[in-house]
Amino acid sequence: MNIMELLGRSRIKVEGEKVAEAGQPMIKWCPLFDKIRGIKEVTAESAAANMEFRIENHGMFSPRRKLRMDTFVGFGASESMMTGLKSGIIDAAVTVCDGAGTVITANPDLVQGMGGYISGLVESDPIPEVIEGIRQMEGHVLFPQNAKIDQIEGAAYAAAAGYKR
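First residue of the sequence shown: 1, per the numbering used here; consecutive thereafter.
Read the hints as simulated data drawn from the structure, not as lab findings. Just so you know, not all the hints are guaranteed correct.
[Said to hold, decoys possible] Below, a list of computed lysine to aspartate or glutamate pairs in the EDC-like style, where the Cα atoms sit at most 20 Å apart:
#: 1; residue 1: K13; residue 2: D125
#: 2; residue 1: K18; residue 2: E56
#: 3; residue 1: K13; residue 2: E123
Required output: the full structure, derived from the provided sequences and hints.
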């Protein structure tokens, strides 16, 4: 099962590269998505349409998943981790990717490529092509068999692998 929260925490369920369910958002308007995507009112329908856009254009929840992207905003979690890796403030990131679950990497481009499209990944099914793409970019997928999301286990793996920051 693939579930992500986006646009005001609308809970979106994706099946077969299509939105199967879209929950109600907690907000009515988002200045960022108004400016970037022209979304004037946040609704379950606009959240579903935004998820469809991410699937279609970025390959989310599919074997076509893009793992490289430019920065989307200057203040996001993936942008902050990418900057920390590039500047040496941190030496690895424990993050997630749809189609892979928990990922540990020291590659700032992979951190941004995975995280730039993700709002709030709740659950994902494993996708072999995504997992292999992450491996090719020097990422370690912690649970390739089920794409489990577990940041505590990810941090433990990173520490055992010798990462300190």
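Results for each hint:
1. K13 with D125: holds (12 Å)
2. K18 with E56: Holds. K18 to E56 sits at ~9 Å (cutoff 20 Å).
3. K13 with E123: holds (9 Å)
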